[in-house]
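Each chain, letter by letter, is given below.
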Amino acid sequence: MALKTLEIIKKRLEERPKEIEKARREGQKVVGWQGYNIPEEIIYALGLIPVRIGVGGDDRMVEIGARYISTKNCVFVRETVGLFAENNDPYVQNTDILAFDATCLQTYRTAEIIQYYFNKEVLILGVPRNFYWPEAKVYFTKEVEYFTRRLEKQAGKKLNYQILADTIGLYDRIRNAIVTIYTYQAAAGNYLSWEETYDLIHAGYYLDRREYLSLLEQVLAELREKQGQPFIEAVEGEARIFLSGSVLPPGDKKLIKIIQEVGGRIVGDDLWSGLIPYLDVKIPENSLQGLAVGYLNRTPHGALPYLDLDTDRRIKRLKELIQTFKAQGVIYHTLRYCDPYTFKAKETKDILQKEGIPLLEIHTEYAGSDFEAIRTRVEAFVEMLKNRYDEEVAV
Amino acid sequence: MANVSAFAGVDVGSLGTKTVILVDGEIAGYSILRTGINTEENGLHGLETALENAGLKREDLKYIVATGYGRISAPYADKTVTEITCHAKGAHYLHPQTRTIIDMGGQDCKAIRLDEDGNVTDFAMNDKCAAGTGRFLEVMANVFKVSLDELGPLSLRATEVLPVSSTCTVFAESETVSLLARGERPENIIIGIHHAIANRVGGMFSRVGIESDVFFSGGVAKNIGMRKALEDVLKVKIVEPKKDPQLVGAIGAAVIAQNSWKRGR
Numbered sequence: 000m001a002l003k004t005l006e007i008i009k010k011r012l013e014e015r016p017k018e019i020e021k022a023r024r025e026g027q028k029v030v031g032w033q034g035y036n037i038p039e040e041i042i043y044a045l046g047l048i049p050v051r052i053g054v055g056g057d058d059r060m061v062e063i064g065a066r067y068i069s070t071k072n073c074v075f076v077r078e079t080v081g082l083f084a085e086n087n088d089p090y091v092q093n094t095d096i097l098a099f100d101a102t103c104l105q106t107y108r109t110a111e112i113i114q115y116y117f118n119k120e121v122l123i124l125g126v127p128r129n130f131y132w133p134e135a136k137v138y139f140t141k142e143v144e145y146f147t148r149r150l151e152k153q154a155g156k157k158l159n160y161q162i163l164a165d166t167i168g169l170y171d172r173i174r175n176a177i178v179t180i181y182t183y184q185a186a187a188g189n190y191l192s193w194e195e196t197y198d199l200i201h202a203g204y205y206l207d208r209r210e211y212l213s214l215l216e217q218v219l220a221e222l223r224e225k226q227g228q229p230f231i232e233a234v235e236g237e238a239r240i241f242l243s244g245s246v247l248p249p250g251d252k253k254l255i256k257i258i259q260e261v262g263g264r265i266v267g268d269d270l271w272s273g274l275i276p277y278l279d280v281k282i283p284e285n286s287l288q289g290l291a292v293g294y295l296n297r298t299p300h301g302a303l304p305y306l307d308l309d310t311d312r313r314i315k316r317l318k319e320l321i322q323t324f325k326a327q328g329v330i331y332h333t334l335r336y337c338d339p340y341t342f343k344a345k346e347t348k349d350i351l352q353k354e355g356i357p358l359l360e361i362h363t364e365y366a367g368s369d370f371e372a373i374r375t376r377v378e379a380f381v382e383m384l385k386n387r388y389d390e391e392v393a394v
Numbered sequence: 000m001a002n003v004s005a006f007a008g009v010d011v012g013s014l015g016t017k018t019v020i021l022v023d024g025e026i027a028g029y030s031i032l033r034t035g036i037n038t039e040e041n042g043l044h045g046l047e048t049a050l051e052n053a054g055l056k057r058e059d060l061k062y063i064v065a066t067g068y069g070r071i072s073a074p075y076a077d078k079t080v081t082e083i084t085c086h087a088k089g090a091h092y093l094h095p096q097t098r099t100i101i102d103m104g105g106q107d108c109k110a111i112r113l114d115e116d117g118n119v120t121d122f123a124m125n126d127k128c129a130a131g132t133g134r135f136l137e138v139m140a141n142v143f144k145v146s147l148d149e150l151g152p153l154s155l156r157a158t159e160v161l162p163v164s165s166t167c168t169v170f171a172e173s174e175t176v177s178l179l180a181r182g183e184r185p186e187n188i189i190i191g192i193h194h195a196i197a198n199r200v201g202g203m204f205s206r207v208g209i210e211s212d213v214f215f216s217g218g219v220a221k222n223i224g225m226r227k228a229l230e231d232v233l234k235v236k237i238v239e240p241k242k243d244p245q246l247v248g249a250i251g252a253a254v255i256a257q258n259s260w261k262r263g264r
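Going line by line, the protein sequences match chains E and S. If you read the first sequence in numbering that gives the first Met the number 0, its first letter stands for residue 0, the second for the next number, and so on. If you read the second sequence in numbering that gives the first Met the number 0, its first letter stands for residue 0, the second for the next number, and so on.
Each hint can be trusted.
Partial list, computed: chain E residues near chain S (C-beta under 8 Å):
{"#": "1", "residue": "K345"}
{"#": "2", "residue": "P357"}
{"#": "3", "residue": "E371"}
{"#": "4", "residue": "A372"}
{"#": "5", "residue": "T375"}
{"#": "6", "residue": "R376"}
{"#": "7", "residue": "E378"}
{"#": "8", "residue": "A379"}
{"#": "9", "residue": "E382"}
{"#": "10", "residue": "M383"}
{"#": "11", "residue": "N386"}
Below are the DSSO-like pairs computed for lysine-lysine, each with C-alpha atoms no more than 27 Å apart in a straight line:
{"#": "12", "chain 1": "E", "residue 1": "K345", "chain 2": "S", "residue 2": "K234"}
{"#": "13", "chain 1": "S", "residue 1": "K78", "chain 2": "S", "residue 2": "K242"}
{"#": "14", "chain 1": "E", "residue 1": "K9", "chain 2": "E", "residue 2": "K21"}
{"#": "15", "chain 1": "E", "residue 1": "K353", "chain 2": "S", "residue 2": "K234"}
{"#": "16", "chain 1": "S", "residue 1": "K56", "chain 2": "S", "residue 2": "K78"}
{"#": "17", "chain 1": "E", "residue 1": "K256", "chain 2": "S", "residue 2": "K78"}
{"#": "18", "chain 1": "E", "residue 1": "K325", "chain 2": "E", "residue 2": "K345"}
{"#": "19", "chain 1": "E", "residue 1": "K152", "chain 2": "E", "residue 2": "K119"}
{"#": "20", "chain 1": "E", "residue 1": "K256", "chain 2": "E", "residue 2": "K9"}
{"#": "21", "chain 1": "S", "residue 1": "K242", "chain 2": "S", "residue 2": "K227"}
{"#": "22", "chain 1": "E", "residue 1": "K348", "chain 2": "S", "residue 2": "K234"}
{"#": "23", "chain 1": "E", "residue 1": "K157", "chain 2": "E", "residue 2": "K141"}
Over the 10 Å line for every Cβ pair with chain S, so calculated as not near, a few chain E residues:
{"#": "24", "residue": "I7"}
{"#": "25", "residue": "G46"}
{"#": "26", "residue": "Y90"}
{"#": "27", "residue": "D95"}
{"#": "28", "residue": "Y138"}
{"#": "29", "residue": "Q161"}
{"#": "30", "residue": "A202"}
{"#": "31", "residue": "A220"}
{"#": "32", "residue": "R223"}
{"#": "33", "residue": "I255"}
{"#": "34", "residue": "K256"}
{"#": "35", "residue": "S286"}
{"#": "36", "residue": "G289"}
{"#": "37", "residue": "E319"}
{"#": "38", "residue": "Y336"}
Derived by calculation from the structure, the hints in this document are not laboratory data. By construction, the Cβ of each residue, glycine as well, lies at the ideal position given by its N, Cα and C atoms.
Please put together the full structure from these sequences, using the hints given.
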């Protein structure tokens, strides 16, 4: 089933750390960033190398991180701190500057810890708590401008707006390609699984963005040739699952593996480590304000408060995506101490229940001790979906 | 017995292995054994014992469904199904008006909602800790130097409910020791423990809701004190089970075995 381009991407990912090391030796600077609202276009347009840092799924690294950051922070940020404490990750080793946005306050805290303990230069991008107010645009624009000035200092040059326009165009094409690939993975007779698509997104955290676009387009060409026009439909006997909730960073495969092992098929997600950052990005003009507005108009991150459930863009988008991908149920993943998503689980469940969409919350961390308990829940959920939607396999 | 069509449900739990044999939709035999370290052998031994009790042979079995945590090591089974689905089917078999199940087993606790056909519509399980499980009560029985079966009746002799603040097994054990050292009556502490568990279970029902009739299944359901505490805390009436509530998962598995065989799968 694997596409040829996936093999090329795998190889390129293996080679990438050495390339970045070489680029640094030749004077280029690397910006390691984490968050949801960093306009990466600015970093790239300034000739800096953007790398999204942070991995998950390693309990040992979480424990190392917990020597520096409170154990009441989520395991993802604890592992991020652990990466810096151990300093073995090639991307962490090759980061000159760090950029974090203040969307999730735990991420913000991570930035403070890394600066304090590991003496790294950290830039923080302020984020409004309420994306819906006009004042939010003013505030975020100012923040993006200030962020750009600090990046310019690192790059040793001013932002060229023609290059920025080209970069926005490049990123738009990346976003469009990812959205189209998602349609292929959810379709009947798919040649690419959701997991492979998800890995493809994570490849874009590290590879040069021009090369990344070219690889995405190769994937699409292969899919068009093999699969033709994608048609999304629920096939008899399937339990089509939509993933929502807390971050599932590269390396955190526990839940994904369990869902697949018990016969569930993941068909979509609205994870901030998945599809959602690439959706609904319309940069209205080639300016820093244009970028700020474009980012504000995306589906907001879960760390920002609900203001009005009936008009919340996250809920609206979640419902639309469930429909688009013909999902039959939602597995809502919450990481221990990831309060923003954990607090919203019940409301989300209640809202979806009214639409007849069942939701299973899986609350977990990176230790393997709950593997069997999670398996039982997910398996029962898959049985429930199959029973609901396919009388033939009713137990 | 000639031309018999028998179906088996084997529920290998963390503390007990339960097996039920169904013939013509009726329970023909069953067994309840202590789970040992070899999961597969436990299931097979339970199956043989239940068959013997039913006066049947292995070849009389048309279909076997395994459930419980040991279902992953059940090569003797034709199919495996989670205990959540099995408890729903089992409770529906015993009491078709069941809409909510409280299942307390050896190592976990579940709140299950079901429809009029015994299909699961929603469920929640306790997270990680042992509170509200058979194992927790075993630890507590050990503190009071009584058998597990004595805990429930003892709690009914309480004159007041002493609050036990923690439901973490380790901390609850040390809290209980402190209360005993303070000279508190054991019965009042025991009822406090039961209420602490019931309060915790109440949290799960805030996630899935509760609707009558309410059925209490699993090994802990044999504990009369736990049943009373749940009724008091959740303000519900729990139905009287017609069979041993510890068998509900195995009954459900046997019902599924029968249905699967009829459907040819």
